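K.L.:
Protein chains in written order, with this note's numbering: chain D, 554 to 825; chain H, 15 to 248.
Hints are supplied without guarantee of correctness; some may be wrong.
Now the stretches of chain H that chain D is said to cover, found in silico as 3 or more residues with beta-carbon under 8 angstroms [to be verified]:
1. 17-30
2. 92-104
To list a few chain H residues with every Cβ distance to chain D over 12 angstroms, as calculated [as the list claims (entries may be wrong)]:
3. D39
4. D67
5. Q89
6. G126
7. R159
8. R170
9. D175
Think of the hints as simulated: they come from the structure by calculation, not from any bench.
Here the structure is a predicted model, which is why all the values come from computation and not from measurement.
Just so it is clear, CB atoms sit at the ideal spot from N, CA and C, and this is done for glycine as well.
What follows is each chain in one-letter form.
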Amino acid sequence: MNMLAEAAVEDAINRDSARTETVKMQASGVNVFYGEKQALFDVDLAVRKNQVTALIGPSGCGKSTFLRCLNRMNDTIDICRVTGSITLDGEDIYDPKIDVVELRARVGMVFQKPNPFPKSIYENVAYGPRIHGLASSRSELDAIIETSLQKAGLWNEVKDRLNEPGTGLSGGQQQRLCIARAIAVSPEVILMDEPCSALDPIATARVEELIDELRENYTIVIVTHSMQQAARVSQRTAMFHLGRLVEEGPTGKMFTNPEDKRTQDYVTGRFG
Amino acid sequence: MAQHIVTSFDEDLEHLDRLIRDMGDLAAAMTKAATRALLHADNALAQRVVSNDVVMDARQTELDKSAVTLIAKRQPMAQDLRAVVGAIRMAADLERIGDLAKNIAKRVGAVGKSATPHSLTHSIDTMAGMVLDQVQAVVRHYVERQPNALVELRDRDEKIDVHYTAVFRELLTYMMEDPRNITACTHLLFCAKNLERIGDHVTNIAENAYYVLTGSQLPVQRPKLDETQMTVDS
Numbered sequence: 554m555n556m557l558a559e560a561a562v563e564d565a566i567n568r569d570s571a572r573t574e575t576v577k578m579q580a581s582g583v584n585v586f587y588g589e590k591q592a593l594f595d596v597d598l599a600v601r602k603n604q605v606t607a608l609i610g611p612s613g614c615g616k617s618t619f620l621r622c623l624n625r626m627n628d629t630i631d632i633c634r635v636t637g638s639i640t641l642d643g644e645d646i647y648d649p650k651i652d653v654v655e656l657r658a659r660v661g662m663v664f665q666k667p668n669p670f671p672k673s674i675y676e677n678v679a680y681g682p683r684i685h686g687l688a689s690s691r692s693e694l695d696a697i698i699e700t701s702l703q704k705a706g707l708w709n710e711v712k713d714r715l716n717e718p719g720t721g722l723s724g725g726q727q728q729r730l731c732i733a734r735a736i737a738v739s740p741e742v743i744l745m746d747e748p749c750s751a752l753d754p755i756a757t758a759r760v761e762e763l764i765d766e767l768r769e770n771y772t773i774v775i776v777t778h779s780m781q782q783a784a785r786v787s788q789r790t791a792m793f794h795l796g797r798l799v800e801e802g803p804t805g806k807m808f809t810n811p812e813d814k815r816t817q818d819y820v821t822g823r824f825g
Numbered sequence: 015m016a017q018h019i020v021t022s023f024d025e026d027l028e029h030l031d032r033l034i035r036d037m038g039d040l041a042a043a044m045t046k047a048a049t050r051a052l053l054h055a056d057n058a059l060a061q062r063v064v065s066n067d068v069v070m071d072a073r074q075t076e077l078d079k080s081a082v083t084l085i086a087k088r089q090p091m092a093q094d095l096r097a098v099v100g101a102i103r104m105a106a107d108l109e110r111i112g113d114l115a116k117n118i119a120k121r122v123g124a125v126g127k128s129a130t131p132h133s134l135t136h137s138i139d140t141m142a143g144m145v146l147d148q149v150q151a152v153v154r155h156y157v158e159r160q161p162n163a164l165v166e167l168r169d170r171d172e173k174i175d176v177h178y179t180a181v182f183r184e185l186l187t188y189m190m191e192d193p194r195n196i197t198a199c200t201h202l203l204f205c206a207k208n209l210e211r212i213g214d215h216v217t218n219i220a221e222n223a224y225y226v227l228t229g230s231q232l233p234v235q236r237p238k239l240d241e242t243q244m245t246v247d248s
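Pulled out of the complex, with its shape left as it was, chain H reads as follows (with noise of 0.2 angstroms):
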């Protein structure tokens, strides 16, 4: 991509694209503090990741500002017109992407350490880790400009959905046997959950960013499959 004219241009646009990649590393860094938290009942660890939620507000109240400040002065078109909404879009994913991880933080002291079960942590860890590489690859395949990266990504979000059933039929497996896990499994299972959603973010991000590097809209999303759903009418 050719320089604009005006530097400074081009210096609050990076500014945007920097901001954005600092966001996107602490979502990940948050998702995976908060998972390690949960599964090692580290209250300290989870304690860091809910005060990291700050610094992440902070970041996406700075973007909102100076994308703003960016259409005012500008006057964007074209791809910078798309690369201004996108940051204002995929920002406010990331953001949720921190409160989600901050909620699975809160959890830990809930959680405790007896009632996880070893495969139980096993199935979560599983999921967390598919999760995080989603976050991660997300905005590196933005940061470096690759849409067709951006659409393996988003079709990869199926396994995680597939996942969260499986770990949401384990942990009513584990209430079932035993009334007592009901407390923590219920937790946990709000973590799964968070985790899946998590993963919806990404979808977002990935579609926004395909919009900002094309120009055209991703076709519509698949239709959803909530498995989970079925189980409990049944």
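Chain D on its own, in the form it takes in the complex (with noise of 0.2 angstroms):
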């Protein structure tokens, strides 16, 4: 290889760490308190932008908590108190003056069992660029819900049918429509809470599939039970146990060769 071809190759290599080295959300310190229970402690873990954050660990550990922080979904419960700071590229979304109805905007959601509206396909996807008054005029709109079903992969099987209602879809189509829903009001950050749980192999393939074409323009967070899943779909992977982060690194690495006692257990099946 000769010098120049060299730079070039080391050109790429360095732009690409840079681009998946940036931060696009960091928490440091946080601690959740649900009244006096304490769920989270002094948690700190970066969100690296457009890379897949896969959070794991038993059932309670903390991470769907965890999770909910980054988009404050945490205010809409009374007993719910969290110290410690979480940026979105370096802002505190704690602070006072942010506006939580834009965050969420910001950062959106996909939760464990699809939840669409009882509204019809279009209006699922329209219900939020409405609200946020993304779309001036109804053919403006309309390129909205097109290139977002078609970013979900779901476009080609609902194009003749966006009139007919949501619930009538399967669970893998809900589940598509959930995450177009949710792209259409371009967030920078899609949270998944367990979003293949209910969904069959074929219809969680889909989901795979379209979290890593997903990355490419967005950043993601998803909880999973499924270890396995875990390793396909994430570049970083964060253990929780106990409402702690035991252990956060390359997903490579997190699966063969964890450094923690406790991931060990966890990923190979021997908590007891």
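Make the complex out of the two chains shown on their own, each in a separate frame, by following the hints.
P.N.:
Written out as structure tokens, the structure is:
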């Protein structure tokens, strides 16, 4: 290889690592309390831009609680209190000046069970752009609906029946509809709370393929109980246990040679 | 190591370990018997080694099948994943050791009784002893989970290589002394080479076992010293 080519390769590598190493969201010293009970202890975690970060750990370990802190979903629970700081592009999302509705448009969420509104497929996706005033005309809105459904890999299946109820779709289609709904407001980060746990393997594969494509444009944080799914879709994995972040690292290492005994026991199915 | 929540998972992994242990024992037994047959011109024993190779192949097939089934059923992670992948690789090396022992056994008839001078017998005997120790030790260290012992074992392979070079030179001398020795000595040379190759497979097993136990790869092996190559060239 000549010098020029070498330099080009090195350049590409640097660019790539710079791109992947940008921190999109940073949690520092995050504690969460539900009333008296502390659910999260001093969590520090960086969510890298255009990467999929998987949160794993046994039930009740705090991974969903942590996920919900990232777009202040925990605000909806009265007794819930969050301390520490979480930033989005360096900006504290718990700052009183932050508009929570706008925050949730920037940090979207997809839940475990597909939960389409009891409205048409079209209206399901149109809801967000409408309340955020993202489209000034019907044709603009139509365009947003089409691109969102396309990005969610659902367009071809529903384009001829946009006025049928979203609840009439299959489970896997409903989940992709929810993803379309989440991306219709052009979020920067998408949070997914076990998005495939109610889906069959084929629908799961579709959603996983979608996650991989979405990574190009979005930053994704996914909570999953399937170790294989975490290994397949994520670039980084964080392991939670009893409200603490036990270990975080490149996914490949987490599943072949984890450092922490608790991670080892969990990923190999030895947790007592 | 704590047990799996699913106990049959532990049983499956233990089954793989048991097969590796069996194959290791068989490889050692075959190596021992093959050299014994060679040094004592014992055709019956040689025949037994040849038939043992069928058993060895069957064990490897069984291990492969069990490992593939385990991966499909359990989707192992971390140390379990390493154990399964490592077992497949180690089994392949053990099976090759079996082949090499069989190859030695097959030469027993061709070498015959008369051609082997006593000092040479002694020399090959020593080399075979070293190789046999390695074969026995590698599986033992793996089963007893001793990664550091595996590192030392790998380093000892160099001694076998040095010894092989010595045997090679000795054989050359005999062939030059009396060309009637050439056929027998060539067969013996192949046997010595096979023993040296067995040592190399033991080295591979040690490296795999080390990875299974620790999760990290051993640093790349030292540059190989092949003095016989130089002797041939010069």
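K.L.:
Look at each hint and say if it fits the structure.
P.N.:
Each hint tested on the structure:
1. 17-30: Contact hint for the stretch 17-30 of chain H vs chain D: holds, 5 residues under 8 angstroms.
2. 92-104: holds (count 5)
3. D39: holds (28 angstroms)
4. D67: holds (34 angstroms)
5. Q89: violated (5 angstroms)
6. G126: Given that every Cβ of chain D is farther than 12 angstroms from that of G126/H, nearest at about 52 angstroms, it holds.
7. R159: Per Cβ check, R159/H is outside 12 angstroms of chain D; nearest 15 angstroms; holds.
8. R170: holds (27 angstroms)
9. D175: Holds, because the least Cβ-Cβ distance between D175/H and chain D comes to about 31 angstroms, which exceeds 12 angstroms.
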